[in-house]
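There are 2 protein chains.
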Amino acid sequence: MALIVQKFGGSSVADAERIKRVAKRVVEAAGTENSVVVVVSAMGDTTDILLDLAKQLNEHPQPREIDMLMATGEQQSIALLAMAIQAMGKDAISLTGLQAGVMTDGVSRKSKILSIDCHRVEEELEQGKIVVVAGFQGGDEHGEINTLGRGGSDTSAVALAAALDADVCEIFTDVDGVYTTDPRIVPKAKKIPVISYDEMLEMACAGAGVLQPRSVELAKQFGVKIHVRSSFNYNEGTIVQEECEMQKELEKSMVVSGVALDDNVLQVTVFDTPDAPGSASKLFTALADARINVDMIVQSGNRTEQENDMSFTVSSDDKDKVIATLDKIVPEIGASSYTLTEGFGKVSIIGAGMITNPGVAARMFQVLAEKQCNIKMISTSEIKVSCLIDLADCNAVIAALHTAFGLDAE
Amino acid sequence: MALIVQKFGGSSVADAERIKRVAKRVVEAAGTENSVVVVVSAMGDTTDILLDLAKQLNEHPQPREIDMLMATGEQQSIALLAMAIQAMGKDAISLTGLQAGVMTDGVSRKSKILSIDCHRVEEELEQGKIVVVAGFQGGDEHGEINTLGRGGSDTSAVALAAALDADVCEIFTDVDGVYTTDPRIVPKAKKIPVISYDEMLEMACAGAGVLQPRSVELAKQFGVKIHVRSSFNYNEGTIVQEECEMQKELEKSMVVSGVALDDNVLQVTVFDTPDAPGSASKLFTALADARINVDMIVQSGNRTEQENDMSFTVSSDDKDKVIATLDKIVPEIGASSYTLTEGFGKVSIIGAGMITNPGVAARMFQVLAEKQCNIKMISTSEIKVSCLIDLADCNAVIAALHTAFGLDAE
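First to last, the protein sequences are chains A and B. Just so we're aligned, residue 11 is where the first sequence starts under our numbering, counting upward by one. Just so we're aligned, residue 11 is where the second sequence starts under our numbering, counting upward by one.
Just chain A, with the same shape it has in the complex (with noise of 0.2 Å):
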């Protein structure tokens, strides 16, 4: 007898004839003894299209009301797939975010999970049915509903199942697994059938879509093991969990296990802030305040002995607060002025043997100077090493890199 969290994104939903395959595949998997709780995405486009009607009305809408909005995406899904279920012949119920206990700090359109207060998710289980729940979506004692951002699903099937103990989150996807690198780019990668937490985490935040970050993040700190696997077959995909001996050895002669790419990158340049104690810390804390994740970031050589010109890059749907920020505080931090710049792709490689093999960020640089291709700004971590070149070269060099790492499949 297992516990299951099952999540299925909104392709998976898009219509009728899908929203019943999904029934049968959730039906198939409770069988006769276990329990399955399910987190589904909004039908399709559906997101899309409330977005759409939102910007006829109103070019600048409150968060507040966007995730009134949203939220109603999930909602209809979860009905539907609860009745689609029932019409199997099992029983099941849908819950909103706020009805499965999914408690959000607050924030409107990118709220973090507090809290999840499991007990009618168990109460229904124990009955006997299958509870379809809500993703991307959580609230607050006071009953206001947040949305989690976009992806967010991921997170509330980890969430749920850390919560709940489950013994695996299967997160069910259009493609087999996580690849070595996008297989629509590099027909020679190959599916990896057991990952860490770290590189997966990596991997997801150099911008293999497959999972979202932050629901990496969180499986690792509860340890919930994450099965990503194709919703069009039943083929084995892609294990997530903790690092265990067998990987260790195996990573011994695989350096690199994977090459990323993030086409959805925006540059900025703060110009001439001062080179004053706090100035770095006042700029990025209103970006962190206004929600913007910010990744790679280069202070480059000095201009003058005061100032100095910042780069640093967001996701490029953030584009609209990050303005709204900069026009603020680059003023008040006595910087002179700012620019984004688009049309550039962040280029990784990933890989938890990095570690003890030195001279990979270096072979990674040879790499691209064969490819003629300029590097616009580098960043490394421990098992990562990203570097943000032009959007057109992207495809040729993670194909040169897949194969210079020896990720080729044969």
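In case anyone wonders, no lab produced these hints; they're calculated from the structure. As the structure is a prediction and not an experimental result, all values here were calculated from the model. Any given hint might turn out to be false.
Since copy identity is lost for identical chains, a pair holds within one copy or between any two.
[What the hints assert, rightly or not] Below are the PhoX-like pairs computed for lysine-lysine, each with C-alpha atoms no more than 25 Å apart in a straight line: (1) Lys-235 / Lys-386; (2) Lys-65 / Lys-100; (3) Lys-30 / Lys-65; (4) Lys-331 / Lys-100; (5) Lys-292 / Lys-120.
Once you have looked at the hints, place chain B on chain A.
Chain B in isolation, oriented as in the chain A frame:
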């Protein structure tokens, strides 16, 4: 400084342009000093689209899941309307039924409002916000979402107006007010400037679709002044309020104030009901438990000394529930069988003046006889006479009654 509750139906918020028009109207009503609470229904045919999707997944979906699904329609409208109002420079906030404190009795799809806890709405009004509330829905103490059934947004608006002690509850519709009969059937129909709760209630029950009967009942109970008016112009509509002296004077000359048609009638006949104490009670209790409103009831003359045939009418919308209920209760009470017959219309004449004017029913039957119209069932109240007749005869009969009772416009 007035407190105004406004209600806009689904066709008024069917697309972005119409939502903007409603926002403009709301902002105008608020002006510089009025407090406004707006109740809205789901956009256009959202409800039908969602119900259709549900049917594709499950022929007999659980009412609870239908509530979960349906409630999203209003939640979308309120968020969008709040955004549109904000775009016009006026602060606004959207609240779901639950957030607005609309407590319901936990019955899915046909819930009743038990009470309204106004503190959140009042708090937001005090902050100078226009409060946009989801009609048609409420919730129970466990956070379960209930819907009030079709047309329930009128009831939401009146209940809020009562709870907030509003000066007026404006119900916006696509006609100019309440007419002596349906102007599409009888072009000579006139707008009624003022009508009493009782007459409006009988009109509404008799099929005049402008207001939901329950909303009128509630308005009468709490003395809420209703203003039924057009969303397309600024004409005065129809005021529904307690009968005043002037009206009483007027009624002496106007015996009948309106003629109504309900063309959504299903006639049910239960055969050979045992003539034992409690048979009728068991039958109608079972129907009431299933939340089926029974309208006209006729116990036709004894077939034998021990058994009677029992006929009654219900709304065609309740057909499925009626079948489910009768399949169970008819054998239980020892009746032999039942039939459902469609194709009838209920024509009613309404007027508070009837009480003091004998012979009104007789005059109505005479008009029907002149039209060669066969009467299937008759029911009367102090201020209403209703006849069930063939649907094909209804329009001619309504026009004839409108003329016979002196309602035709000059």
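* To do: Just pull the numbers of the violated hints for me, sorted ascending.
  => Violated hint (a single one): 1; every other hint is consistent with the structure.
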